[in-house]
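J.: Chain by chain, the residues:
There are 2 protein chains.
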Amino acid sequence: MHSPDIESTVSALRELLGERLSTGASVLAIHGRDEAYTPPALPDAVAFPESTREVSEIVKICAAHHCPVIPFGVGTSLEGHVIPIHGGISIDTSRMKRVLDVNEQDLDAVVQPGVTRTQLNEELRATGLMFTVDPGADATIGGMAATRASGTNTVRYGAMRENVLALEVVLPDGEIIETGTRARKSAAGYDLTHLFIGSEGTLGIITELTVRLFGQPETIQAATCAFETVEGAVDAVILAIQTGIPLARVELLDEVQMKGLNIKNPDMQLPEKPHLFLEFHGSEASAQEQVEMFKSISDELGGSEFQWATKAEDRNRLWKARHDAYYAAKALRPGCEGFVTDCCVPISNLAECIARTKKAIAASGLIAPIVGHVGDGNFHLVILIEPDNAEELRRANQLAESINQLALELGGTVTGEHGVGVGKKHYRQAEHGGGYTLMATIKRAIDPNNIMNPGKLVSLN
Amino acid sequence: MHSPDIESTVSALRELLGERLSTGASVLAIHGRDEAYTPPALPDAVAFPESTREVSEIVKICAAHHCPVIPFGVGTSLEGHVIPIHGGISIDTSRMKRVLDVNEQDLDAVVQPGVTRTQLNEELRATGLMFTVDPGADATIGGMAATRASGTNTVRYGAMRENVLALEVVLPDGEIIETGTRARKSAAGYDLTHLFIGSEGTLGIITELTVRLFGQPETIQAATCAFETVEGAVDAVILAIQTGIPLARVELLDEVQMKGLNIKNPDMQLPEKPHLFLEFHGSEASAQEQVEMFKSISDELGGSEFQWATKAEDRNRLWKARHDAYYAAKALRPGCEGFVTDCCVPISNLAECIARTKKAIAASGLIAPIVGHVGDGNFHLVILIEPDNAEELRRANQLAESINQLALELGGTVTGEHGVGVGKKHYRQAEHGGGYTLMATIKRAIDPNNIMNPGKLVSLN
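From first to last, the protein sequence lines are chains A and B.
In this text, residue positions in the first sequence follow our numbering: the first is 14, and each later residue adds one.
In this text, residue positions in the second sequence follow our numbering: the first is 14, and each later residue adds one.
Here chain A stands alone, though its shape is the one from the complex (with noise of 0.2 Å):
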């Protein structure tokens, strides 16, 4: 890497942007961290682009003068993918978060990378239509594709990964391309779009996202089943996809998780076990035969204490509840921060690696309430530790290192939506061997000078 440049950067950027480049010390902080336990470090800018053609300046001008240029959404990412470890200039896309287009017969709407999830939902509310992603954080959706992020109904209709069709990208030399088109599929050319969505910002800068969308369900039916056993719950799981049951939620909790739930909740009180909490979605007479048959399989795998949620509102607070599970976790113990992870593993595999995870979690000391999208054999942990304890937060690394590891010892990944960012860095080798080579020829090849979110998930040397 060429050493970059950054007060010309800084004075042609002002140039261009007038107001809209800030060097202030709040603007920089934010900038400067995310929502993990990476250490934070400062860009030496932030540049708020309007449009694909600012983007494209700001980044030849960056290239220009071998300047590090790291994308940032809204900063909800759980691993420091948006920290500046060498500096640079932070491009928030605050200000392109315009709906480009809805378009209803084909499914599919045309946003700006700056649209968060909640926003696209509320403009699509009189639709008819949704977009399904959803990460727990309203984070944007350009920073949801950067991240392959995915969520509580990928069970049922995809990660990020199956809801972006097409993509408009700055490369690093600030030219502008599309990839992929508003088609539903097409055989013409390499994947481009897949290559970008989970690049975390190591390729280029996404401008503009075309994104799949669904039908609201006629009726949505939720409820909470307590196990004895994770074992049961994941088994009551596997069989219910191996049936077909097309569930459009189905979150794991486990018992210390319900506990925190139970303390933050004090109006629902479940029982300290095992629960999943499931959706379903479909015409009135379908959402009811798949609960039909999902008790069914329930009640032969040992769950019981259905609990439902038929009003509107009674669901949303269930949901509410799951996605504050961070919140949840800390009520455990006041004081505390989570310090988070999260893994994958073939479905077949889950509750051995919970099994063993909770092992760990046991040997650590420490407190760590479990969180799972067990359709997707994927699940999160909270390690809850003092700020500033040094010690814990060596245990907790050490915890969710052996996590990690047994999820590559068990055919998984070591993140299903967190990404690598700054965090799981050191598992690149393990997990993809000669792959991981590679993915750096390909970041050499597109980013020869490593001015893209520079020092993340791929390395040059």
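Source of the hints: derived by calculation from the structure; they are not laboratory data.
Please note that the accuracy of each hint is not assured.
[Unchecked claim] In silico DMTMM-like pairs for lysine to aspartate or glutamate, Cα to Cα no more than 20 Å straight-line:
id, chain 1, residue 1, chain 2, residue 2
1, A, Lys286, A, Glu244
2, A, Lys438, B, Glu241
3, B, Lys286, B, Glu350
4, B, Lys308, A, Glu231
[Claimed, not checked] If we take Cβ atoms under 7 Å as the criterion, some of the chain B residues that face chain A in the derived model are:
id, residue
5, Trp321
6, Cys357
7, Ala458
The beta-carbon is built from N, C-alpha and C at its ideal position, and this holds for glycine as well.
With the hints as your guide, set chain B onto chain A.
T.: Frame of chain A; chain B shown alone:
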């Protein structure tokens, strides 16, 4: 491209493979063509490896002598992908056809690249699971991944793009890498799996695949439904998808195709009007509900003459008639050959695209029935021309050209599922623009000596 040393290559390969390296005239001829109208070209030799290790050794030998390598499945491609236009070694995967693993709980299977889709489904039969991608031809799974194939039930179950979880690939230097895992999703690193899906053998050779499986539906209902106009049929499908009816198959056959189908299937005799061929999967109640919902939509939009294929044998006859569309088309002009093309547009533009296609067909003076995977916006044209009639071939090329240009104009792609191969090379710049330059950058980085299927999807200088 360095000029290859064929003699040394063949001699080294013979030492490695013995009888499993062939230079026999009939073997070369089989590997010098596919099912397309592309002029054939012979390989210098055909290798029949039996393991990944052997593929790697073959590629290393070819790499050392700058000799082209052309992966070959069963030769059912339709755009000349497997034709060795620069000579070289055709690597035939037909001896790598073992199903290595079926994971019933995870709904996946690990297969060698030479396994065909019907072979896989035969081997799955006892499990109650199925592999769903169905391009009509009994292609190999390796070839289907390499060409990003799809087919009649992609509308419900996805294309190869959605149905491959992981790959093992031999790179152009002979190195063996793995991409992806059996976990259902991952946010770890560039999506190498999707980079190889659709790369048409230009970046490496796929030597192992992990594919998704689905449970066989409890109930299957199939039917044909006639419409007065193509627009009516397309509108019915749009509305059905918006309503959330999970159509398992929905095929459009125009009135010309129906005429051929009636000639070819004297026992069917359906009205010579645009038709939808439909299939519904689900529990008995759910399939029935889908049928009723679709009926009410089609009634509203001028659909009529629903004919049901309730028994398995009737259903098989129906789909055989659909899959044999090529032969039915040929029945319209006995003695002629079919020049095939496909394109794909956003479904909202499909009726217009087909209407304008029909005008272009009329202007060409040729007969060309239309069959489409209407739920995906994808349709095929079989242009009937006399063998060795240069003037008709010229008009067929011109017609295909105008339809592919039309697809681009209407926001689509020049190929929904047949791929680029040789036949669609000249659209690369028009469809991808700067994206094509990026594809060339990637190709150059991964295959700097341009030995992998040279002169196809990406041309290097």
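J.: Now tell me, hint by hint, if it's right for this structure.
T.: Hints, one by one, checked against the model:
1. Between Lys286 of chain A and Glu244 of chain A, the direct Cα distance comes to roughly 12 Å. Compliance with the 20 Å bound is thereby established for this hinted pair.
2. The straight-line distance between the Cα atoms of Lys438 of chain A and Glu241 of chain B is roughly 59 Å, outside the 20 Å bound, and the hint therefore fails.
3. Among the hinted pairs, Lys286 of chain B with Glu350 of chain B is inconsistent with the structure: their alpha-carbon atoms are about 24 Å apart, more than 20 Å.
4. The suggested pairing of Lys308 of chain B with Glu231 of chain A holds, with an alpha-carbon distance near 18 Å, which does not exceed 20 Å.
5. Annotation: Trp321 of chain B was flagged as interfacial toward chain A, and the flag is violated, the nearest CB pair being 21 Å apart, outside 7 Å.
6. This hint holds: Cys357 of chain B has a C-beta 4 Å from the nearest C-beta of chain A, less than the 7 Å allowed.
7. Against a cut-off of 7 Å between C-beta atoms, the interface hint on Ala458 of chain B holds, since the closest Cβ of chain A lies about 3 Å away.
Hint compliance for this structure: hints 2, 3, 5 are broken, all remaining hints hold.
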